Amino acid sequence: MATLSAEFTLPLRSFTLGLSLEVTGTVALVGPSGAGKTSVLRAVAGLVRPPTGRIALGDDVWLDSAQRLCLPPDRRRVGLVFQEYALFPHMTVRQNVAYAGEARADEYLERFRISHLANARTTELSGGERQRVALARALAREPGVLLLDEPLSALDAHTKSAVRAELRELLTDLGLPTLLVTHDFEDAASLSDHVGVIVDGELRQLASPTELVASPADTFVASFTGANLMRGRVVGRDGGVTEVELADDGHRVFSTDDATGEVGVVVYPWEVSVGRARGEDSALNVIEAPVRSIVHVGNRVRVHIGPVTAEITEASVDKLDLAVGSTAVATWKATGTRLVPLT
Amino acid sequence: MAAHLNRIVLGTAFFLASFLALAFMVLPIVALFVHVPLTDLLHQFTNPVVTDALIVSLKTIVVAQIAILLFGTPIAYLLASRRFPGHAVVVTLVELPIVLPPAVAGLGLIVAFGRFGLLGSTFEWLGIDVSFNQTAVVFAICLVAGPFYVRQAIASFEAVDRNLIAASRTLGASPSRTFFKVTMPLARGGLAAGEALCLARGLGEFGATIMFAGSLQGRTQTLPLAVYTQFEAQGGLTIALAISALLVVISLAILLSLKATSLWQLSRQSSLSPFARSRSV
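These protein sequence lines map, in sequence, to chains A and B. Per this note's numbering, the first sequence starts with residue 62, numbered consecutively. Per this note's numbering, the second sequence starts with residue 902, numbered consecutively.
Derived by calculation from the structure, the hints in this document are not laboratory data. Fair warning: there could be bad hints in the mix.
Stated by the list, open to error - Simulated restraints, written as ranges between beta carbons of each label pair:
#1 Phe-972(B) x Glu-145(A): 19 to 25 Å
#2 Arg-1078(B) x Asp-245(A): 54 to 60 Å
#3 Arg-129(A) x His-988(B): 22 to 28 Å
Unchecked claim - A few chain A residues facing chain B, derived, Cβ under 7 Å:
#4 Ser-75
#5 Ala-106
#6 Pro-134
#7 Phe-143
#8 Ala-161
#9 Arg-202
Here the structure is a predicted model, which means the values were calculated and not measured. By construction, the Cβ of each residue, glycine as well, lies at the ideal position given by its N, Cα and C atoms.
Could you build the full structure based on these sequences and the hints that come with them?
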């Protein structure tokens, strides 16, 4: 897989966007709206011209301000899927896909299971169908890089979880360097290997989702990343409590949510208590493991224990005398474990 | 009780005002058709004054429309898609002829392109003669009616979703393919509406034409000029009425086709506007 490297500055209305990124696999940029996320995609696609910087896919240089080089969008091998999909309303589904590449239009209609909609107007489609058309069209141009702008935000909650799973599978199959932007950390974490948090045009931190939750670079990243996200498999349900085995390390956790099969496990750091030894309280979830990291975030501290991160006060850390490598116990109630469809 | 009475009075007043307004607008049209028997009007359509004017009008309007489309579309597209210093000034200059008295536009044409005008000698050197001929009529129509098309065309191009144009480019289409395959088809309805307005205005052009091109039968006398000339002439009232009736029919046809176009546009949208809905309830 070729690497997309992008390093540029771009003045926007109220701040200057500046970032440096290497993309192999899938990278998600998350941040609040107005953080400059979409501008990153537009710069890579060639729809805006950063005054300084360099953007290249492998040996293929698209922008090099030092050489005064800036290729127009049609000469960059990008597949950009717009937030609202930007399907041509005056064309049928097939015409939309064929616009990007006549030769492989039918193949992509087939692949995205939209052959039966070939002659439909794009205005007649559902949200999920529109997204499939947009993806088929972007890929029919045979891009070297896939850019996705808020790929899930235009979908209703019901469609979203199904589409998220499909999209993850697709991105794995394609093996294209993919840059996606979203305002939803959960979407970012579930779709990509690396997540970059971007605020006011500045990349605050780029790391794996687990690392981001465990050791956020600053309070903003901390508040934005929010929850622990783990993967697991339901192994049983008894007395209104579901037992889940975590995929990473085999720890067992418990939830009051009902689910079966493979699930996503969501736990908020502020719902996890930390102790030095197993207590006598009623919390069902108990994980005893070495402390991996202790990170100060404002007046709070994030303690990474085994698979989860807890957020506690500095006073508690002092009282417990926690140190990296020492064993600690993380506990939380079964009601604090949320089971979500795995994506 | 007083409120109830108030409502009746107000309702009646509105109804009465509406009725008078409508009657005021409709009566002149009706009068054109009933002042002399309809058969007298129809007989006039073999009169050379009428046929000459019709031919002059058709020839000049067709040439003017082609010129307006050819030159007006690019300037409208540029003004809609580019922002540059002085953009608002250029747009205002383009719109100015819409509000300018046509007689003033005509005089402007004379002192710009006429024999003794600013470009008079240049035009003479180029072999372009614009004095009292059909070229002059075309010039007058272009100046007075052209802005109606350009203004509507700017709005139509601006209404095309920027993201669709951007999408086209990222899908590998060149700027020209994007223009012809995406921008133009999406702006088409609006362009056609502007074109119809411009056609109607051009067909009725009077002031600038009579100033710049004169009113020579068979040469520069268009339908509206013939109406005026015949009305002034001894015993020409019936001819003037016949031409007027013809112009009413043509104008109505343009208006109806314009409405049909915008209705057709509306029917392609996935949701109707609230106003459209309230009309059907």
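Hints and how they fare:
no. : hint                                 : result
1   : Phe-972(B) x Glu-145(A): 19 to 25 Å  : violated, 35 Å
2   : Arg-1078(B) x Asp-245(A): 54 to 60 Å : violated, 36 Å
3   : Arg-129(A) x His-988(B): 22 to 28 Å  : holds, 27 Å
4   : Ser-75                               : violated, 19 Å
5   : Ala-106                              : holds, 5 Å
6   : Pro-134                              : holds, 4 Å
7   : Phe-143                              : holds, 5 Å
8   : Ala-161                              : holds, 4 Å
9   : Arg-202                              : holds, 5 Å
Comparing the model with each earlier hint shows violations of hints 1, 2 and 4; every other hint is respected.
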